[in-house]
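Enquirer: Residues per chain are reported as follows:
Number of protein chains: 2
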Amino acid sequence: MSAQGYALTMQNLKPFIDQARLDLAELVALESVSAQGRMLAETANRVSEMLQAEGFTVQAYLGDVAPILVAEAGEGPRTLLIYNHYDVQPESPIELWDSPPFEATERDGRLYGRGISDDKGEFISRLAAVRALKAQNGGKLPLKVKWLIEGEEEIGSPSLARFVHEHASELQADGCWWEFGSIDPEGRPIIYAGLKGIICLELRAKVSDSDLHSSLGAVVDNPLYKLSRAIASMRDASGKVTIDGFYDDVRAPSEADLEAVRNIPDESAATRQAYGIKGYLGGVSGEAYYRRLIFEPCLNVNGFHGGYGDAGSKTVLPAEGFVKIDFRLVPDQSPERILELLRAHLDGQGLEDIEIIELESHEHPARSDVADPFVQTALQVASEVHGKPAVLQPSSAGSGPMHPFIEAIGLPVIAAGIGNHASRVHAPNENIVIAHFEKGIEFGLRFMERLSKL
Amino acid sequence: MSAQGYALTMQNLKPFIDQARLDLAELVALESVSAQGRMLAETANRVSEMLQAEGFTVQAYLGDVAPILVAEAGEGPRTLLIYNHYDVQPESPIELWDSPPFEATERDGRLYGRGISDDKGEFISRLAAVRALKAQNGGKLPLKVKWLIEGEEEIGSPSLARFVHEHASELQADGCWWEFGSIDPEGRPIIYAGLKGIICLELRAKVSDSDLHSSLGAVVDNPLYKLSRAIASMRDASGKVTIDGFYDDVRAPSEADLEAVRNIPDESAATRQAYGIKGYLGGVSGEAYYRRLIFEPCLNVNGFHGGYGDAGSKTVLPAEGFVKIDFRLVPDQSPERILELLRAHLDGQGLEDIEIIELESHEHPARSDVADPFVQTALQVASEVHGKPAVLQPSSAGSGPMHPFIEAIGLPVIAAGIGNHASRVHAPNENIVIAHFEKGIEFGLRFMERLSKL
Numbered sequence: 001m002s003a004q005g006y007a008l009t010m011q012n013l014k015p016f017i018d019q020a021r022l023d024l025a026e027l028v029a030l031e032s033v034s035a036q037g038r039m040l041a042e043t044a045n046r047v048s049e050m051l052q053a054e055g056f057t058v059q060a061y062l063g064d065v066a067p068i069l070v071a072e073a074g075e076g077p078r079t080l081l082i083y084n085h086y087d088v089q090p091e092s093p094i095e096l097w098d099s100p101p102f103e104a105t106e107r108d109g110r111l112y113g114r115g116i117s118d119d120k121g122e123f124i125s126r127l128a129a130v131r132a133l134k135a136q137n138g139g140k141l142p143l144k145v146k147w148l149i150e151g152e153e154e155i156g157s158p159s160l161a162r163f164v165h166e167h168a169s170e171l172q173a174d175g176c177w178w179e180f181g182s183i184d185p186e187g188r189p190i191i192y193a194g195l196k197g198i199i200c201l202e203l204r205a206k207v208s209d210s211d212l213h214s215s216l217g218a219v220v221d222n223p224l225y226k227l228s229r230a231i232a233s234m235r236d237a238s239g240k241v242t243i244d245g246f247y248d249d250v251r252a253p254s255e256a257d258l259e260a261v262r263n264i265p266d267e268s269a270a271t272r273q274a275y276g277i278k279g280y281l282g283g284v285s286g287e288a289y290y291r292r293l294i295f296e297p298c299l300n301v302n303g304f305h306g307g308y309g310d311a312g313s314k315t316v317l318p319a320e321g322f323v324k325i326d327f328r329l330v331p332d333q334s335p336e337r338i339l340e341l342l343r344a345h346l347d348g349q350g351l352e353d354i355e356i357i358e359l360e361s362h363e364h365p366a367r368s369d370v371a372d373p374f375v376q377t378a379l380q381v382a383s384e385v386h387g388k389p390a391v392l393q394p395s396s397a398g399s400g401p402m403h404p405f406i407e408a409i410g411l412p413v414i415a416a417g418i419g420n421h422a423s424r425v426h427a428p429n430e431n432i433v434i435a436h437f438e439k440g441i442e443f444g445l446r447f448m449e450r451l452s453k454l
Numbered sequence: 001m002s003a004q005g006y007a008l009t010m011q012n013l014k015p016f017i018d019q020a021r022l023d024l025a026e027l028v029a030l031e032s033v034s035a036q037g038r039m040l041a042e043t044a045n046r047v048s049e050m051l052q053a054e055g056f057t058v059q060a061y062l063g064d065v066a067p068i069l070v071a072e073a074g075e076g077p078r079t080l081l082i083y084n085h086y087d088v089q090p091e092s093p094i095e096l097w098d099s100p101p102f103e104a105t106e107r108d109g110r111l112y113g114r115g116i117s118d119d120k121g122e123f124i125s126r127l128a129a130v131r132a133l134k135a136q137n138g139g140k141l142p143l144k145v146k147w148l149i150e151g152e153e154e155i156g157s158p159s160l161a162r163f164v165h166e167h168a169s170e171l172q173a174d175g176c177w178w179e180f181g182s183i184d185p186e187g188r189p190i191i192y193a194g195l196k197g198i199i200c201l202e203l204r205a206k207v208s209d210s211d212l213h214s215s216l217g218a219v220v221d222n223p224l225y226k227l228s229r230a231i232a233s234m235r236d237a238s239g240k241v242t243i244d245g246f247y248d249d250v251r252a253p254s255e256a257d258l259e260a261v262r263n264i265p266d267e268s269a270a271t272r273q274a275y276g277i278k279g280y281l282g283g284v285s286g287e288a289y290y291r292r293l294i295f296e297p298c299l300n301v302n303g304f305h306g307g308y309g310d311a312g313s314k315t316v317l318p319a320e321g322f323v324k325i326d327f328r329l330v331p332d333q334s335p336e337r338i339l340e341l342l343r344a345h346l347d348g349q350g351l352e353d354i355e356i357i358e359l360e361s362h363e364h365p366a367r368s369d370v371a372d373p374f375v376q377t378a379l380q381v382a383s384e385v386h387g388k389p390a391v392l393q394p395s396s397a398g399s400g401p402m403h404p405f406i407e408a409i410g411l412p413v414i415a416a417g418i419g420n421h422a423s424r425v426h427a428p429n430e431n432i433v434i435a436h437f438e439k440g441i442e443f444g445l446r447f448m449e450r451l452s453k454l
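The listed protein sequences derive, respectively, from chains P and Y.
The first sequence lines up with residues 1 to 454 when you count with the UniProt record's numbering.
The second sequence lines up with residues 1 to 454 when you count with the UniProt record's numbering.
Treat the hints as calculated values from the structure; they're not laboratory data.
Hints are supplied without guarantee of correctness; some may be wrong.
Copies of one chain are not kept apart here, so a pair can be met inside one copy or by any two copies together.
Unchecked claim - Pairs of lysine-lysine, DSS-like flavour, derived with a Cα cap of 30 Å: (1) LYS140 x LYS278; (2) LYS314 x LYS206; (3) LYS240 x LYS314; (4) LYS240 x LYS206; (5) LYS146 x LYS314; (6) LYS240 x LYS146; (7) LYS140 x LYS453; (8) LYS314 x LYS140; (9) LYS206 x LYS278; (10) LYS240 x LYS134; (11) LYS240 x LYS140; (12) LYS134 x LYS206; (13) LYS388 x LYS206.
Please work from the sequences and hints to get the whole structure.
Expert: Right under this line is the structure:
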């Protein structure tokens, strides 16, 4: 790791790290569970105070269930927009935690607690980086930092897209630093430059008002058959979606995207082993595996339920059933268009009576230009801080509300952060590796300093 | 209703009816739940005593979980084999009963109790008919009556087929009177001359050892999609089964079968309304409806379960799932052959890894020659007793262990009895209409008398 040219080394970062650990413990203690509306205003207020203490001006806006904070500080030719969230997932099942979820607890080089990774550890490490950068710079931030912090991310960010569209001009910047990122088991930082879109749907079929004896199956259609036929008609055995027009708007990867994918270390075998996965579609690995994960949309069946499910048999013809599915979308697919295509597809299959229910607000896909200097700067700084070449994924396989930042404000976005492959985000014993938290502060410091000089 | 030529009229049947009501109450009080192994030996003993009291010699054989009784009485050129069972379904959910399930209780012209229709009321009405026939005949039965009564019918008759095959010669007769039958809402007796076969299966698919995040759906197959594809590949939208060879052994209905079906009063609209059925496959009604129900095999999906099933969405790729299905078979399809065809079909679809589990012993289909004098006699007597033309269904749409009686012993079989369309068999408040019970005794008396003179 090279520290040349930086006034602060890891050693003299120590006071900032110590302060950040205290701040993080304080924030984890606030039970800001958005799904249950717990302590959202209190947490927003505390976050606001922390930002104000570093010289930020903070404006609070009303979201659907929690305040949206927009903070601003610093001056310089460059502007960085940071996106984080202060809400967390519910802590249940509480009995599976080895320490109280709302007490930041150190064990074996890690810190445990709800939200310690997602997203309070990310926020606090960046706040500590701002503090260190100011200290190094005579109390001034050498770039403008705009900070958008919401409290509804864990319930699907219902207010965010509208907010970003309405405030696009105030949020203008040179790039956006996304709320997460991770370090792989080999200690390599992974940086994402996009997120897939998602639509979550329920399909429902009903053939009668009450369950029937299955002997009537000779004359009465079966709702579980109808749903099976719907699902089977929507993709093929190779995983390709067979809805007419589904791929029309898929953006081809750029040469830089493909180059990035060629450089991703192949974790497919390790993932396969970790989860006991019997095999990958098409037997892919390496480059082909990541091309599918990053550039290909897909259809998942999340759940299928109807009729008898206990031991043995029951000769019932169920009245109804439902399937829950998600589509993962890639640029430039549009959720609205895919919904229209799906309805037309089912109608074309003679399945007009299958009801489509939207389960939550969908996310548009978004992918930055990986050749953008903002993306390349993040990659270079991360490689220097971690002493290993950073891995650039043009998009995560997951989804999130990144689209308005890229499309409405027009920003390049990078996701770089302090998560690890065993962070247990959304699960009991959520954790971060303390060394990653410290590296995260160092990355933030150097990334902002480098950006200020771009 | 014509009573000419019969020594006993409904009026002087009264003492036999009174005795039968007492016998039935006594038998209902015995909690012979085969699924739970309750009171099976006690009930078998009491049934045996009742038969012996009417002059039957009774042999008891060991079934898998309950004794099989074979009784014999009477002399004459004709022999009737009667099949009944003394076991009942569990009484749960107990809270939905309006009177104690094991106390025969009269309300509004009906008798309520577990097994009062299925099958204790059937057995007792026939025993009362034997008593009346003997009384009319100077204490002698003018035909030989063989009575096979098992205690495992409600758990799929696991011992019966083997027993009938092994005892085929002792069970020889001119025809077999099956354990059930019913009276329709218009008061017309319905007589069945066959039963469909059945195979109950579970299909299982598994893609990994633990659930995955659904973003991996781009590279990992989905067990619920695989099962959907399996189901969708096994039939088409019209209800036709699309497994190669599935229809090869289907026996065409005879001219007499078709004539019988043309005479079935069309209850399809009433059934549709009663259950709120949205429509029938192919829009059938009348003759076409009954041809499908009686002569066509079919595939039913009884249940489909896997993955997330609660409110909202969960972006999970489930590790596994299962589907429960039944095939209803018609003569001369064989369950063993259909199982082979299904395995070959799934393999041919590239679904070799879908596991097929047999859920219980299957039933072979069976259908009698409806032109047989034994069948025609039952039809004629039932029409006389009920004062309305009896309805002949060449087969029930349901299933049961009739096959060895027709195929191994070579008997014509008729199912004629005292059930009604609201008997709530297997459900709380199981009941019979008292007038049907009395008609059942009269039918038995006249049917046996007529058979003795054939």
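Enquirer: Could you work out which of the previously given hints the structure breaks and list their numbers from low to high?
Expert: 1, 5, 6, 8, 10, 11, 12, 13
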